[in-house]
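Participant: Sequence:
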Amino acid sequence: EPENIRQLVYDTEAFTDLIGDPRKKEGLIRKYMSLMYIGSEKEYTEIIVNTLARKCVEDGKFKSARNLYELTENYEEIIALLNKMLAECIWISIRGGTIQPETAQELDPREIRRILNDYEQHHLTMRISQNRLKDCRTRLSLMDFVEMYKKQDFARAVTLIQQVELFPFEDDIDIIQKKASDIEASDDQMKNC
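When you number the sequence shown by my numbering, it's gap-free, plus one each residue, and the end is 193.
Just to be clear, a hint being listed does not mean it is correct.
As the list claims (entries may be wrong) - The calculated BS3-like cross-link candidates involving lysine-lysine, where the alpha carbons are at most 25 angstroms apart (straight line), are:
hint, residue 1, residue 2
1, K42, K63
2, K134, K179
3, K42, K61
4, K63, K134
5, K84, K31
6, K178, K150
7, K63, K25
8, K84, K61
9, K84, K24
10, K84, K25
11, K84, K63
12, K151, K178
13, K134, K61
14, K31, K55
15, K84, K179
16, K24, K63
These aren't lab readings, by the way, just hints derived from the structure by calculation.
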């Protein structure tokens, strides 16, 4: 049963051994696809890997979800996940809440920056929606703004928020309307930040 297999992978987190890495080695589970009535790689990816990754997201195990999506080279979904993580981190920071230590590691903006830089260096960003990448960079900047504001470094906070170019700082109705429509066109996560 695929459910039992997913649970085994979820519990052990032995992703590369069990699921495999298409660039390096075949996973143990892939060898037995036919026993689970899985007929193709695409079906395997959806039934086992993507379903498991979504469960990890639901359970707040963002790093595990990211690792699973990386195994299938689904970089678009990884950036969507990073955007979700950043939106949650911004939301918690603005509200003055505290993040549990294990969650804080998963939501670390430095780690997210490292991932983005790694993808850029390996030219993987060409396979990702430019709007999603822009949203991710914007959220990282918003996170920096929140941190500067909390440290009461208001001059740096204002500079950061101006660099984001998300909000109008000009006394020009056309610019104000454009910024308002840009925010309205953003995804719900961005609007909630």
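Participant: Now, for every hint given, state plainly whether the structure supports it.
Facilitator: Verification of the supplied hints:
1. K42 - K63: Holds: K42 and K63 sit about 23 angstroms apart, inside 25 angstroms.
2. K134 - K179: Measuring from Cα to Cα gives roughly 15 angstroms; hence the hint holds.
3. K42 - K61: The hint holds at about 24 angstroms.
4. K63 - K134: Given that 25 angstroms is the threshold and the Cα spacing comes to 21 angstroms, the pair holds.
5. K84 - K31: With Cα atoms ~33 angstroms apart, K84 and K31 exceed 25 angstroms; violated.
6. K178 - K150: violated (29 angstroms)
7. K63 - K25: Cα-Cα ~21 angstroms, so holds.
8. K84 - K61: Holds, at about 12 angstroms.
9. K84 - K24: violated (29 angstroms)
10. K84 - K25: violated (30 angstroms)
11. K84 - K63: holds (12 angstroms)
12. K151 - K178: violated (31 angstroms)
13. K134 - K61: holds (24 angstroms)
14. K31 - K55: holds (23 angstroms)
15. K84 - K179: holds (22 angstroms)
16. K24 - K63: Holds, at roughly 20 angstroms.
In terms of the numbered hints stated before, the structure departs from hints 5, 6, 9, 10, 12, listed from lowest to highest.
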